[in-house]
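*Asks:* Counting along the sequence shown from 1, when you hit position 172 you're at 172 in our numbering, and nothing is skipped either side.
Hints are supplied without guarantee of correctness; some may be wrong.
[What the hints assert, rightly or not] 30 angstroms max Cα-Cα, derived DSBU-like pairs, lysine-lysine:
id, residue 1, residue 2
1, K101, K59
2, K213, K456
3, K213, K89
4, K625, K281
5, K109, K43
6, K57, K300
7, K109, K272
8, K57, K89
9, K456, K625
Read the hints as simulated data drawn from the structure, not as lab findings.
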Amino acid sequence: MNRAYRVFGKRLLRTSQFVVSSRIWLHTIPTRNCDVLMTFPPKTEDAKLMWVLKQLKEKAPQIIVHVRHHAKTEVFGFYMTASYQSLLKGAENLCIRKSLKQDYGGGMKEFTFEEQDLFENIHNEMEFFTSQERQSIVYGMLNNVRSVGNEHIDDTVFREGQAIIPTLVTNNVISNVFPLHNNDDLIRLRNGWVNAFCTTQPLNQICEYFGVKIAMYFAYLGHYTTALCIPALIGLLVWTMEGYEQIFDDWCFVGFALFNVLWATLYLEHWKRRSAELAYKWGTLDKNDEVVIDPRPFYKGELEVSSVTGRLEPFYPIWKRNLFRYFVTLPVVILSLCIVFAVMLANFYIEELITKLVNTGEYAFIAKVLPKVCHAVSIFTLDRMYTRVAYWLNDMENHRMQEAYENHLIIKLVLFQFVNSFLSLFYIAFYLQDMELLREQLMALLIMRQIIGNVKEALLPYLMWHFRMIKAGLITTVESPEKECGELPLNTENKKPCNSEASAEEEEHLTPEMTNTNETADQQESSEEKTAGNNPENEDEKSLIGDLSDNRDRMELPPRKASAGNSPSQAEVESTMSEYEDTFEDYLEMFIQFGYVTLFSSAFPLAALCALLNNVIEIRSDAFKLCMTCRRPFGQQVENIGTWAVSIAKLCDYFFSHIILGVKMWIAYAIPDIPQWVATEMSRLDFLRREAFKKLDSHQPHNNVLHTSKPENPVRSQSLPPTSNQTPHQPPHSSVSTSADTMPLGDTAYITRPSTFQESFSPQLRHRQTPSISAGTS
Numbered sequence: 001m002n003r004a005y006r007v008f009g010k011r012l013l014r015t016s017q018f019v020v021s022s023r024i025w026l027h028t029i030p031t032r033n034c035d036v037l038m039t040f041p042p043k044t045e046d047a048k049l050m051w052v053l054k055q056l057k058e059k060a061p062q063i064i065v066h067v068r069h070h071a072k073t074e075v076f077g078f079y080m081t082a083s084y085q086s087l088l089k090g091a092e093n094l095c096i097r098k099s100l101k102q103d104y105g106g107g108m109k110e111f112t113f114e115e116q117d118l119f120e121n122i123h124n125e126m127e128f129f130t131s132q133e134r135q136s137i138v139y140g141m142l143n144n145v146r147s148v149g150n151e152h153i154d155d156t157v158f159r160e161g162q163a164i165i166p167t168l169v170t171n172n173v174i175s176n177v178f179p180l181h182n183n184d185d186l187i188r189l190r191n192g193w194v195n196a197f198c199t200t201q202p203l204n205q206i207c208e209y210f211g212v213k214i215a216m217y218f219a220y221l222g223h224y225t226t227a228l229c230i231p232a233l234i235g236l237l238v239w240t241m242e243g244y245e246q247i248f249d250d251w252c253f254v255g256f257a258l259f260n261v262l263w264a265t266l267y268l269e270h271w272k273r274r275s276a277e278l279a280y281k282w283g284t285l286d287k288n289d290e291v292v293i294d295p296r297p298f299y300k301g302e303l304e305v306s307s308v309t310g311r312l313e314p315f316y317p318i319w320k321r322n323l324f325r326y327f328v329t330l331p332v333v334i335l336s337l338c339i340v341f342a343v344m345l346a347n348f349y350i351e352e353l354i355t356k357l358v359n360t361g362e363y364a365f366i367a368k369v370l371p372k373v374c375h376a377v378s379i380f381t382l383d384r385m386y387t388r389v390a391y392w393l394n395d396m397e398n399h400r401m402q403e404a405y406e407n408h409l410i411i412k413l414v415l416f417q418f419v420n421s422f423l424s425l426f427y428i429a430f431y432l433q434d435m436e437l438l439r440e441q442l443m444a445l446l447i448m449r450q451i452i453g454n455v456k457e458a459l460l461p462y463l464m465w466h467f468r469m470i471k472a473g474l475i476t477t478v479e480s481p482e483k484e485c486g487e488l489p490l491n492t493e494n495k496k497p498c499n500s501e502a503s504a505e506e507e508e509h510l511t512p513e514m515t516n517t518n519e520t521a522d523q524q525e526s527s528e529e530k531t532a533g534n535n536p537e538n539e540d541e542k543s544l545i546g547d548l549s550d551n552r553d554r555m556e557l558p559p560r561k562a563s564a565g566n567s568p569s570q571a572e573v574e575s576t577m578s579e580y581e582d583t584f585e586d587y588l589e590m591f592i593q594f595g596y597v598t599l600f601s602s603a604f605p606l607a608a609l610c611a612l613l614n615n616v617i618e619i620r621s622d623a624f625k626l627c628m629t630c631r632r633p634f635g636q637q638v639e640n641i642g643t644w645a646v647s648i649a650k651l652c653d654y655f656f657s658h659i660i661l662g663v664k665m666w667i668a669y670a671i672p673d674i675p676q677w678v679a680t681e682m683s684r685l686d687f688l689r690r691e692a693f694k695k696l697d698s699h700q701p702h703n704n705v706l707h708t709s710k711p712e713n714p715v716r717s718q719s720l721p722p723t724s725n726q727t728p729h730q731p732p733h734s735s736v737s738t739s740a741d742t743m744p745l746g747d748t749a750y751i752t753r754p755s756t757f758q759e760s761f762s763p764q765l766r767h768r769q770t771p772s773i774s775a776g777t778s
């Protein structure tokens, strides 16, 4: 029995290791006194680490750096923060707005270091700056570390004035630079935002934690989702009443299209007012002009004295940017659009071929749906490929300001996405003119894009992060459990686990509280000394630089230690998470969806309802992605959603002109050019003429008629051209008979010509026809 338990107990132990590995992230040790973390690739040479530390010490002495070795991931991390006074000076450089005291008028005002006593909570270091503001200030200090002269590290050569840290990130010398989560604030957001499915979004908390840019996106998404309720309800009613009568369906089609124009216009105007309210509330309504803001870190150019600031700043000639834009960017964009058009035609050809081959049987439905799904997947694939090309083109254009860089990137993406996403629908609507095919294509594109988007944005990052955590946990738990715990005891009743101290320590940090580092350098050092014995992370910590303003020349790296415990630090766990890729993808998805709803929802009235349901899930999935699977992004200050609002407005303008053109065509089709009574009278006259001709033709031989009529008016008979059924040697009468027999009923041109032709050969016939015609018209 003991032998069996010994064998199966070991197997159960190995199985439990995988369970522990998948939950290892729940017991992380909080990281204190750190606003921004910089990590390096594994096995980075000590010389590179020392070179980066030297640059920070010489060019950013206000930054406090601690160096630690992550035993679980085997990488070095630079834990960076700054003193309170340094943060105040950095807030002035970033033009951060803070609340004034009521004695000085209240409201929001750009912070200045010399007037700091005018602002609320200035003497409370824990409340004056939010964690997001502290991180943005430290990140701004890092971006201002620029090269002086021709400095280099390995193959990376820096020009004078070039930003060092972003360049090292681009060249993979530095793996990541990101802010750490604040556990208390993050738990409140998870409970009141991610898990609260049916409540309104806490926009103020989102703004304080993630910054204005991300908060403005979620405000727009929530506003747009709420506005979709009206077209979703009306579209549902239109869809339920379809098929009643054709005239009724036509009126519903035109009425719903006109309603979409009105709804889109009112929605955009209401959003402009809402965004202005939020920008004023968050202190970003009036931003400084771009000439007084530092250029973006990746901006390249020769150093020249700025005419605005009087400082040396990089300058790039406009003619170089325009030269690249017109001779490289424009041809590449046109070529990409041509590829989209060719792929669309190829998909339609394949769809038509498959439909002809398999048009009946049990596979007919699959053959009908599969090409549309493949087309949607090809659109998504082209989107991914062109997005990389657009980023490369935008980088090569070398825009000075971050806002200009983003605006030009939006223009490139919107232009391509408009053609890639809507070209096939326009082709079906105006060239093929197949309403049923348009509806099926719109359903396939809309639903497939929503499924692919949710899987890519939420599910895949979550699964990848869990896989990385399981891998990191296995490295920890598989390290000789017998060495740590010995063999599994036979009698486990009333026994404590062998790592009870570690477990108690983990329980102590299950609900960690991130210490706010609003302390001076001396206070931080003293607090670290007090908590050195309680925080296991401090055992591996070596304050390499401390306050970089000191004059210590000797710097040493901490030893590379192997994994010693089962609880990774918070910084180690967050360094394995994926990076949040800004709001570009999210805004682009909403732009395409808005186009589907406004441009083509008349063909598929349930498009607004599908978009509404998708956006309800989108809000929580994006929140889940930010709070659970991605690293915390740096906060950014924006006034509104920027060029995205202009793009949506242009789409509405195009939609409005498109609807006006469609209504014009519908009116032209619905109102005939000839009144009904005129068409009826013409048809009756045609019938009377043909009846009279048949009576006269039956009472008189054809040859006599031709013989008597030929000398009467030879000139007129020769002047008539031969008909299509008449050969040069064929008698005219046979042509007349054939034309009269095959004559359309309502065609006036074919009514008068046979009568005139017959009258030219027979005055008698002309004389006998006149009373009948007069009687008929009277």
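*Asks:* Hints first: check each against the structure and report whether it holds.
*Replies:* How the hints compare with the structure:
1. Our distance criterion of 30 angstroms between C-alpha atoms is broken by K101 and K59, whose separation comes to about 35 angstroms.
2. Proposed proximity of K213 and K456 is supported: the alpha carbons are some 22 angstroms apart, at most 30 angstroms.
3. For the proposed pair K213 and K89, the alpha carbon gap of about 23 angstroms is at most 30 angstroms, so the pair holds.
4. Restraint check: the Cα-Cα separation between K625 and K281 comes to about 26 angstroms, which is no more than 30 angstroms; the hinted pair holds.
5. A C-alpha spacing of about 47 angstroms is found between K109 and K43, which places the hinted pair above 30 angstroms, so the restraint is violated.
6. A distance of roughly 24 angstroms separates the Cα atoms of K57 and K300; the hinted pair therefore holds under the 30 angstroms criterion.
7. Straight-line distance between C-alpha atoms of K109 and K272 comes to about 23 angstroms, which keeps the hinted pair within the 30 angstroms bound.
8. About 18 angstroms separates the Cα atoms of K57 and K89, which keeps this hinted pair within 30 angstroms; it holds.
9. The straight-line distance between the Cα atoms of K456 and K625 is roughly 11 angstroms, inside the 30 angstroms bound, and the hint therefore holds.
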